[in-house]
Amino acid sequence: MSGKRSTFLLTMLVFGFAFLYVPILLVIIYSFNEGKLVTVWSGFSFKWYVSLFSNDGMIDAAWNSLRIGVMSATLALAIGTPAGLVMSRFGRFKSRTLFSGMVAAPLVMPEVITGLSLLLLFVTLEQLVGWPAGRGVTTIVIAHTTFCAAYVAVVVQSRLTGMDTSVEEAAMDLGAKPAKIFFVITLPMILPALMAGWLLSFTLSLDDLVIASFVAGPGSTTLPMKVFSSVRLGVSPEINALATLIILAVTILILISSLLILRSEKMRSRTIDPATIDD
Amino acid sequence: MSSDKLTLKQRYDRWMIKHGRVLVIGIPYLWLMLFFLIPFLIVLKISFATAEYAQPPYSSLFTWIDEGVNITINFGNYLFLLSDSLYISAYINSIRIAAISTVITLLIGYPMAYGIARAQGSLRSVLLMLVILPFWTSFLIRVYAWIGILDREGLINALLLNLGIISEPLIMRQTEFAVYIGIVYTYLPFMILPLYSTLEKMDVSLIEAALDLGCKPWKAFVRVTLPLSMPGILAGSLLVFIPSVGEFVIPELLGGPNTLMIGRTLWNEFFANRDWPIASSVAIAMLVFLVVPIMWFQHIQAKQAENGQ
Amino acid sequence: MSQGALQQAHEDVHKTQPWNNPDTVPFIRFENVTKKFGDFYAVDDVSLDIYRHELFALLGGSGCGKTTLLRMLAGFEEPTSGKIFIDGVDMAGVPPYERPTNMMFQSYALFPHMSVEQNVAFGLHQDGLPKSEIRTLVSDMLALVQMSKFATRKPHQLSGGQRQRVALARSLVKNPKVLLLDEPLGALDKKLREQTQFELVNIQEKVGTTFVMVTHDQEEAMTMASRISVMNDGVIKQTGTPFELYEYPNSRFTANFVGQVNLIEGVLVDDDEKYAIIRSDDADCDIYIDHAVQGHQGMTFWIAIRPERVRLITEKPEDTKYNCLSGKVEEIGYLGGLSTYHVRLDSGIRIKVTEPNSTRQIEPRYTWDDRVWATWESGAASVLSQ
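So the sequence lines, in the order shown, correspond to chains A, B and C. Be aware that the first sequence starts at 1495, since it is given in the numbering used here, and climbs by one per residue. Be aware that the second sequence starts at 157, since it is given in the numbering used here, and climbs by one per residue. Be aware that the third sequence starts at 478, since it is given in the numbering used here, and climbs by one per residue.
FYI, nobody ran anything at the bench for these hints, they're computed from the structure. Take the hints with a grain of salt, since some may be wrong.
[Claimed, not checked] Capping the alpha-carbon separation at 25 Å, the derived lysine to any residue pairs in SDA-like fashion look like this: (1) C:Lys654 <-> C:Val571; (2) C:Lys513 <-> A:Leu1685; (3) B:Lys459 <-> A:Thr1655.
[As the list claims (entries may be wrong)] Rough simulated footprint, nothing fancy, chain C against chain A, three-plus residues with beta-carbon under 8 Å: (4) 1587-1601; (5) 1679-1690.
Note that the Cβ used here is the ideal one computed from N, Cα and C, for glycine as well.
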């Protein structure tokens, strides 16, 4: 009955995954190409990796990006977590509409607008109060924190909304005060969501080109900015090497994390079977 | 459910109103005010200024003269946006390109999501991971990968020339076609994931019931599966449409000089022409004619979903 | 309190029935309590007294206000108007974490990241008790609910029944003045539920704490509770012992909600100090009641007769003047221990009859379309005015 349908679905899956992965695979393959031309295979070599690691500008940019990513993700967690808590647990308050609007808006805001508006803010602030003096890592971190916090807020809010409020009520019923409930009950329960939020923010920060381009200053070039300026001129084997390294790192991280998740799920399903534990 | 919310509200009302509650709301509130809301007011202000060769490169709206403040508002930037067809066609182009890309993404993403949802347990999670994986790798690099493929000296042309199918290289990069490929390629995971989660949750027995009641398979799909997966279609389409409409990187790297999109126009006004006031007025126009309608639409969607439950 | 004193206290409860003693001071008191959510009255002007050592049940369908009443006692909701007293103290403005109540949640609400032990100890830690004392109290409590073996397990490693015990232990260990139970057995399957009902009652008798529980299951309420309040639309329809509610319902709602009942609408045509006669369009005879009723002639009443109080006769009785309705057997449900019959009366209405199958029979007593006469003792029916 469903033979025709399965053939169609299978074809689409094969085609779709080929579409997703062939370009990436080509980048990886050609990163080991001896020659500079993309189209001609002239032998296996690590020379573009060597040249990548001796490119000081690239190394500096990567270092900048990592630092900015860690700082932005951490700050975004500090600001996004209370925002998510407010959205899901505080009910109505006076300016709630404005608040939820400000939390949701960065998610749909075109990056060029966010970048431009933050740059104009920094310029105006510098004129008025002398801070931030010039633009650099600080301004990029502020900019990234702002839009990453919105993502963290959404992740935290959806986790809290799905969570049974009676667990928090039980803690209160047993004598714990609100602040204590948050740190002893709520926080441990949303820890996976917080970790996901941090990783998401880190990735978004590491990946951002447009906003960083607006608010960066001299000496704070990030990796995407560096890649963009070199890619604009066409294909470069060094970028192929860099891409391969990034893909490798991400793949390893994802494999490890999904293995961890799989293992904890297995432990869970093994112990949850009531038949084996009922006395 | 509503009573639960009220409870927690009361609890924070009574016991945290003085310290905790204000602090918890205050931190994100102040941050977003300062770094999200106020910047737009500044953009609005500068969109009424005149470009000048100065640092910063725009005129001041407020000038101090003997008796008080003199306010000079310049509507010229907005009139200029209307008079030069470049801006309006960039706006329309952006919407057209984003809409067409969204439809293509849906056409490719739907069968993939359906196939994954119907796959066996462990295969399913592997396929799902393969969809998610590209999302965590660099966006820029994924766009970059297509340069090497579509370029005049790229892999497709090399292949076709070597096989003797063509004698002249095809122009694929720096066309609108390349922009479609770029958008579909980078945003395909955003379409598949919400579609997958609605299709996966759907009860297979519903389709079995339709078949049992005499529906042909394709008709069961059109009458049962498709309407039930509407929320996923809508969510996925929005996730693709919204970022692609303001896209800068893809038209810049893959599109030609004639592929005008509004995000790219703003970028060029700012970085190439250094005309901050015009860039600001483009931003305000985008905000009013693009972002506000999208947010309004999402708001209505959320309300409908709430009422539906 | 020593074991002996508890025993004594408990015997006193059984002896005295404090709600019948006007001198007893109620332990929990609701005074004209109303709770509005927006325009919706969840609880509408409820006044209720609950006494020390009671196992009190709030019974009603979903949305009747029983849970809201319980949550107001716990402090999760504040009344819109009215007052709540526990042991003489006005609870207005007292937050949940300062009330002498503890609650067992319907979902159990166990902390998923803590072990059984840590869950039970949580409340004691909030009181700042010394560690050694906490350890003793927790292990005593786990022994009481027979969960000592599982002290180090996490909630997700427990079965539903075990989680229920942990939730009970956690709320009992703080020795609250009042234990609140929100559908305590709702998440258990039928067999386990019946067994746990008695366990809960035994534990309550052992510790002597006042229990207030919410349930939608009338059988559960009847089995466990000392007294029951039947609620509907935010209002208490009737409060009484299980016996009183079943035998002396005060309204059609209670009669219907607690057990099954046949209702016949009629008009009072004759009455005296010793009897009353009600005439109904739905009955081909008058209905005779062996006591006086409150009301005047011409007033509408409802006769409520439990299915098991009706007898079916296959031959026409000699005296059919009173309490004798003729009809045909329409449906038969053979349940083994008893049989239920639906009899279509000649007037068109249908009544339900249950008969115990107390002796073994060769073939069923009645079959479909048999003509039967339904009769009952003149004291078996209740007369309801609302």
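Results of checking the hints against the structure:
For the suggested pair lysine 654 (chain C) and valine 571 (chain C), the alpha carbons sit about 15 Å apart, so the restraint of at most 25 Å is met. With a C-alpha separation of about 36 Å, the suggested pair lysine 513 (chain C) and leucine 1685 (chain A) falls outside the 25 Å cut-off, and the hint is violated. For a cut-off of 25 Å, the pair hint linking lysine 459 (chain B) to threonine 1655 (chain A) stands: about 16 Å separates their Cα positions. With 0 residues having a beta carbon nearer than 8 Å to a beta carbon of chain C, the stretch 1587-1601 of chain A misses the requirement of three or more and the stated coverage is violated.
Taking a C-beta to C-beta cut-off of 8 Å, the stretch 1679-1690 of chain A contributes 3 residues in contact with chain C, enough for the three needed, and the coverage statement holds.
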